[in-house]
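Residue numbers (the numbering used here): 1 to 441.
Derived from the structure by calculation, the hints contain no laboratory data. Mixed in with the good hints there might be a few duds.
Pairs of lysine-lysine, DSS-like flavour, derived with a Cα cap of 27 Å [what the hints assert, rightly or not]: (1) 170 to 202; (2) 215 to 226; (3) 215 to 186; (4) 313 to 202.
Per label pair, the in silico range of CB-to-CB distance [said to hold, decoys possible]: (5) 116 to 40: 30 to 40 Å; (6) 348 to 171: 15 to 25 Å; (7) 173 to 353: 51 to 61 Å; (8) 225 to 310: 25 to 35 Å; (9) 20 to 194: 45 to 55 Å; (10) 20 to 320: 52 to 62 Å; (11) 169 to 355: 51 to 61 Å; (12) 348 to 87: 30 to 40 Å.
Beta carbons: idealized from backbone N, C-alpha and C, even for Gly.
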Amino acid sequence: MLVEQGEWILNEGEMAAVAASFGIVSSPLGVIPKALPPKALAEEAVKVFQDLDPSFKGLAERCLRALAAPDKLVHVHNVVADQRVSRALMVFSPVMGGAWVSLARSGELRRVSLRSEAELRFLVADALAADASLRPDRVSVNLSTPEALVLLAVFEQLRRARLISLLDHKEPVTLFAAEDVEARLKEADVEDFRWTLPFLAKLLPLPMGDLAVTKDCRPALMALEKAGLLERLGIQNDRMVCELTNPGAFLEAGFRDSSARAALSVTAPVRGGLAHDVLLLVRSAFDLFLVSLSGGDAALSTILAGDLDETMKLVFAPPPALPAEVPEQGAEATVILDGPTMNLARLVVDAGPLAGTACALVDGLGLGRQADNGMVINDPGISRHHARFRRDPAGVWSVEDLGSSNGTFVNEVRITAPMALQDGDHIRVSNTVMTFNPREA
């Protein structure tokens, strides 16, 4: 344990021991290590700490309390030209008087320091070299979180295919199949900071393998086709073969030729749990791309230097005050991707072949007997493409029958046009009965 140029350098065991000596206990958002070292080492760490300068000890205690119970937590990961990699987390707490506490890993040691909001904004902009020379091209597309992840997996697949073609001295491959994309999604948690999807996966609140889109990405691929980013070329050897359109290829080139990346996850307590947003910034030779994942919604766009500064102001702004209903410690955390514990709308299946399960709702989710639906139900009374669920910009969910033979019923009334759904509505298709649950915080 040592103090060097205003920074406090110690290992995890020392941090846990000193925090315990103050009686500090981490909240669900806290980042104080829980495992104490052996008694002799813990006593030695506390003694070394007590012998430090009194003014530093008071500041260090406040830093530990901020790390144990932050009001806002920001993970910052960046890599520049595959050479400089940085990982740190920043916590905001009122006990620090407006300063952010930075906790960075350096081998087995942890480096604790103080940063201002302006300094943090500059560090991100400097890593991306996001100056005014950025090209003013405007590319913007709104997607769901699963669709954004699948698009990044497509980019990963094409990058991989390009590398293989270079090794084999062949023309670059531009085609891909759903199975290729699913394979890249399953590999996304592999420790590899050089490429976009594994880089982003480090900050997602759920392992990529837990997401429904990893098992079946075809509904997301079809949504990307509708958004004009790719086109299906047909079926070859029972594989759905796709290719990027010109807009999709423009985006892929920017991600493939990137010189720097920065990913930030922002977590803060909200009523009923934790809110978790993820931002990915990718700098190519001429453009700066932003991918924002917030709840089930995502956005991908090019941004200019001024846009980056405004985005960083939001990331590093103090969190708003919590409402009166503050969740108790230990309450179930809310994660906001398409996984088993997410806080988005879902269908709870009460009767039928899938009884007892729940299906997360994403905009455009199809229901039917055929395998390219997001919700596949093996029931001869259900059409191949039976119904579709949509979410409008105001957040209202609806269900639409797709001309099925046996119809779609809401509260036992057969629908003939898209029907808006309310909490607790029962949707029936053949023998399957589902309850709509918006799961709002």
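Hint by hint, here is what the structure shows:
The hinted pair formed by residue 170 and residue 202 fails the criterion: a straight-line CA distance of about 33 Å is larger than 27 Å. Straight-line distance between C-alpha atoms of residue 215 and residue 226 comes to about 21 Å, which keeps the hinted pair within the 27 Å bound. Proposed proximity of residue 215 and residue 186 is supported: the alpha carbons are some 9 Å apart, at most 27 Å. A hinted pair counts as satisfied when its Cα atoms are at most 27 Å apart, and residue 313 with residue 202 qualifies at roughly 23 Å.
Restraint check, residue 116 to residue 40: a C-beta distance of roughly 39 Å satisfies the suggested window 30 to 40 Å. In this structure, residue 348 and residue 171 break the distance hint of 15 to 25 Å, their C-beta atoms being roughly 49 Å apart. Between residue 173 and residue 353 the CB atoms are about 39 Å apart, so this pair departs from the stated range of 51 to 61 Å. At roughly 32 Å, the beta carbons of residue 225 and residue 310 sit within the given window of 25 to 35 Å.
Restraint check, residue 20 to residue 194: a C-beta distance of roughly 39 Å breaks the suggested window 45 to 55 Å. In this structure the hint that residue 20 and residue 320 lie 52 to 62 Å apart at CB is violated, the actual value being about 32 Å. A C-beta distance of roughly 55 Å is found between residue 169 and residue 355, which places it inside the suggested range of 51 to 61 Å. The beta-carbon spacing between residue 348 and residue 87, approximately 38 Å, falls within the hinted interval of 30 to 40 Å.
Consistency note: the structure conflicts with the earlier hints numbered 1, 6, 7, 9, 10.
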